[in-house]
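Just so you know, the sequences run in chain order A and B. If you read the first sequence in the numbering used here, its first letter stands for residue 666, the second for the next number, and so on. If you read the second sequence in the numbering used here, its first letter stands for residue 36, the second for the next number, and so on.
FYI, nobody ran anything at the bench for these hints, they're computed from the structure. All of these numbers come straight from a predicted model, not from anything done at the bench. Even for Gly, the Cβ is constructed at its ideal location relative to N, Cα and C. It is possible that some hints are incorrect.
Claimed, not checked - One-sided and incomplete, this derived list gives chain A residues near chain B with beta-carbon spacing under 7 Å:
1) MET723
2) ASN769
3) TYR772
4) SER773
5) PRO797
6) LEU818
7) THR845
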Amino acid sequence: MTRIDAKFAELRAANRKAFVAYVMAGDPDYDTSLKIVKGLPGAGVDIIELGLPFTDPMADGPTIQLAGQRALEGGQNLDKTLQMARELRKEDDTTPIVMMGYYNPIYSRGVDRFLEQAKEAGIDGLIVVDLPPEEDEELCIPAQKAGLNFIRLATPTTDDKRLPKVLTNTSGFVYYVSITGITGAADAEAGDVGPEVARIKAQTDLPIIVGFGIKTPERSKAIAEVADGAVVGSAIVERIAKGDSVTDVLAFVKALADGAHSA
Amino acid sequence: MNDLFNSFMNGPDENGRFGDFGGRFVSETLMPLILDLQAEYEKAKDDQNFWDEMNDLWTHYVGRPSPLYFAERLTEHLGGAKIYLKRDELNHTGAHKVNNVLGQILLARRMGKTRIIAETGAGQHGVATATVCAKFGLQCVVYMGAHDVRRQAPNVFRMRLLGAEVIPVTSGRGTLKDAMNDALRDWVTNVRDTFYCIGTVAGPHPYPAMVRDFQSIIGKEAKEQLHKAEGRLPDTIIAAIGGGSNAMGLFYPFLDDKEVRIIGVEAGGKGVDDRMEHCASLTGGRPGVLHGNRTYLLQDDDGQILEGFSISAGLDYPGIGPEHSWLHDTGRAEYVSITDTEALEAFQLCCATEGIIPALEPSHALAHVMKIAPDLPRDHIIIMNMCGRGDKDVQTVARHLGFDMSDTEEGRDAD
Chain A
666 MTRIDAKFAE LRAANRKAFV AYVMAGDPDY DTSLKIVKGL PGAGVDIIEL
716 GLPFTDPMAD GPTIQLAGQR ALEGGQNLDK TLQMARELRK EDDTTPIVMM
766 GYYNPIYSRG VDRFLEQAKE AGIDGLIVVD LPPEEDEELC IPAQKAGLNF
816 IRLATPTTDD KRLPKVLTNT SGFVYYVSIT GITGAADAEA GDVGPEVARI
866 KAQTDLPIIV GFGIKTPERS KAIAEVADGA VVGSAIVERI AKGDSVTDVL
916 AFVKALADGA HSA
Chain B
36 MNDLFNSFMN GPDENGRFGD FGGRFVSETL MPLILDLQAE YEKAKDDQNF
86 WDEMNDLWTH YVGRPSPLYF AERLTEHLGG AKIYLKRDEL NHTGAHKVNN
136 VLGQILLARR MGKTRIIAET GAGQHGVATA TVCAKFGLQC VVYMGAHDVR
186 RQAPNVFRMR LLGAEVIPVT SGRGTLKDAM NDALRDWVTN VRDTFYCIGT
236 VAGPHPYPAM VRDFQSIIGK EAKEQLHKAE GRLPDTIIAA IGGGSNAMGL
286 FYPFLDDKEV RIIGVEAGGK GVDDRMEHCA SLTGGRPGVL HGNRTYLLQD
336 DDGQILEGFS ISAGLDYPGI GPEHSWLHDT GRAEYVSITD TEALEAFQLC
386 CATEGIIPAL EPSHALAHVM KIAPDLPRDH IIIMNMCGRG DKDVQTVARH
436 LGFDMSDTEE GRDAD
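Please model the complete structure; the sequences and the hints are all you need to start from.
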């Protein structure tokens with residue numbers, strides 16, 4: 666049982682929805698980013714998605730692209746991203762950390778070595794955008810063997826025929842991408858998302874968390890009402906980009922979390 | 036030649052792999068689209084009607100077959116091997132790119148797609164895509180790095196004349212790699228009506244194999260034409276490589292003719308060394324995953340992708356088609372690099388000896404011919420792919436040679 670599984674068991678027992686927050690590791694700089702990450706559990710975040718910066722984030726909109734660029738320009742890399750997880754683990758041993766990014770920095774490190782380091786740093790799960798089920802041998806299966814959850818994205822283009830393939834080696838939770846598009850683009854509509862969540866639920870017992878296009882506390886609540894929880898990324902990253910103080914960023918995160926938790 | 040186990044022509048496998056290279060490293064949103072495309076392509080490949088239509092367009096719209104031309108004065112000048120040029124620069128739109136675009140647009144029509152997107156570097160693929168879209172009345176959107184929009188202004192204007200919308204891409208350094216990222220982002224957003232027409236033998240399966248198949252007309256024709264002219268196979272075939280589509284097109288029909296030496300020429304920019312001011316993925320990079328496939332990439336120790344550097348916008352890409360990576364690792368093909376300076380010399384020699392203004396991309400291949408031809412015997416036959424004409428590059432070359440063309444502002448490079 667990973668920290669992710671434990672967290673969902675706890676939420677289920679309390680009849681509560683999950684709030685997941687994404688931040689790019691090292692944005693705008695290592696120290697500020699670490700302060701924000703350390704403040705997330707206190708702001709009501711149930712699961713932290715820690716972005717691993719990459720030069721070519723093909724599934725991300727301008728907000729996350731620029732966050733990655735800022736982080737890389739500030740010297741962020743895989744080692745420092747793992748280090749941030751270690752620092753958080755010194756004071757928080759329960760909030761799950763999911764590392765989210767693209768495959769090349771992991772492949773470049775070497776899958777076995779990466780998994781050993783991620784596990785040791787206290788990472789609980791991985792979301793790797795450019796690894797569909799067709800490439801499960803690359804990282805998904807080795808990660809599960811190493812005791813990490815491999816969280817897969819399901820999308821509006823994942824039809825019923827394909828869904829079992831997407832769910833087969835998924836663990837922890839399913840991340841439903843509410844729109845066809847890149848992060849931070851169109852608004853997610855609860856009316857569209859509800860039936861899609863039900864469609865996925867018919868084929869899995871895993872929690873379904875919905876992300877992409879959730880920007881406000883109201884939307885966070887509306888989406889959490891029709892799923893097991895909501896993810897917000899770009900809207901938080903935009904606050905960081907604007908130069909908001911750590912306190913202000915965390916206040917915004919808290920409003921989003923309260924939204925999801927009131928569902 | 037019929038040795039199936041040792042054939043180099045069987046790739047990719049059902050997962051899109053050439054050995055360890057290739058694959059389908061894309062987000063889930065795109066995966067169903069790529070599977071649809073693969074299914075449609077498999078059907079089209081076995082459909083004689085599809086090929087009849089292609090052949091008709093190749094003949095009457097593109098002007099195929101392109102000539103295989105004996106470059107007599109160039110041969111005399113170099114004093115060694117006998118040099119033939121495969122004249123794909125004479126195609127409609129001025130480069131080999133249209134061979135592939137026609138195939139993909141016919142597929143898009145079969146699939147009922149109404150909106151075509153493409154990435155372009157030098158602008159040749161964008162022009163070819165805009166051209167074929169105009170012919171078939173399809174909406175066309177071309178992503179082009181902002182840096183390339185400036186250095187290839189004539190092609191930008193051409194695309195707009197042809198009715199395409201050209202979107203300058205400002206992310207990254209604004210070159211081909213960034214244009215490809217934005218094209219993929221567009222595709223993820225507009226999945227229902229949009230077909231992504233990739234211009235090279237890279238990207239997720241089935242693109243590398245599909246683009247190769249469409250470009251193989253180059254090698255097929257060259258083989259027949261040389262057989263007619265000389266009654267035999269060439270000794271060496273040479274082509275320039277950015278992503279590697281013109282090279283794959285020439286190489287593929289010769290892969291199992293083991294006596295034919297195959298040489299790919301990468302852009303060496305300012306020299307292949309640790310300054311990384313080049314685009315030589317095979318000679319200066321290592322395997323990684325980008326744009327849907329595993330292949331050799333220019334990257335740093337952390338797996339972050341580096342920007343390539345070349346005088347030629349068409350070679351300015353940090354990766355290379357996965358089949359080239361495999362041919363490199365298996366040793367079936369050799370890969371070398373040529374610097375900007377060497378390419379400029381070849382460009383001028385070709386103009387002066389043959390009356391052909393080559394694009395900067397094949398000038399790289401020609402520069403390698405200049406290196407090896409003098410030491411080869413007179414009965415050694417080389418085929419070099421003249422994959423594009425140089426009209427688009429005249430202003431870039433003028434600037435590098437210190438020729439003042441200041442009356443024509445639009446072609447000046449911004450850096």
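The hints, checked one at a time:
1. MET723: holds (5 Å)
2. ASN769: holds (4 Å)
3. TYR772: It holds, given that the least Cβ distance between A:TYR772 and chain B is near 6 Å, below 7 Å.
4. SER773: holds (3 Å)
5. PRO797: holds (5 Å)
6. LEU818: holds (5 Å)
7. THR845: Cβ of A:THR845 sits 5 Å from chain B, so the hint holds.
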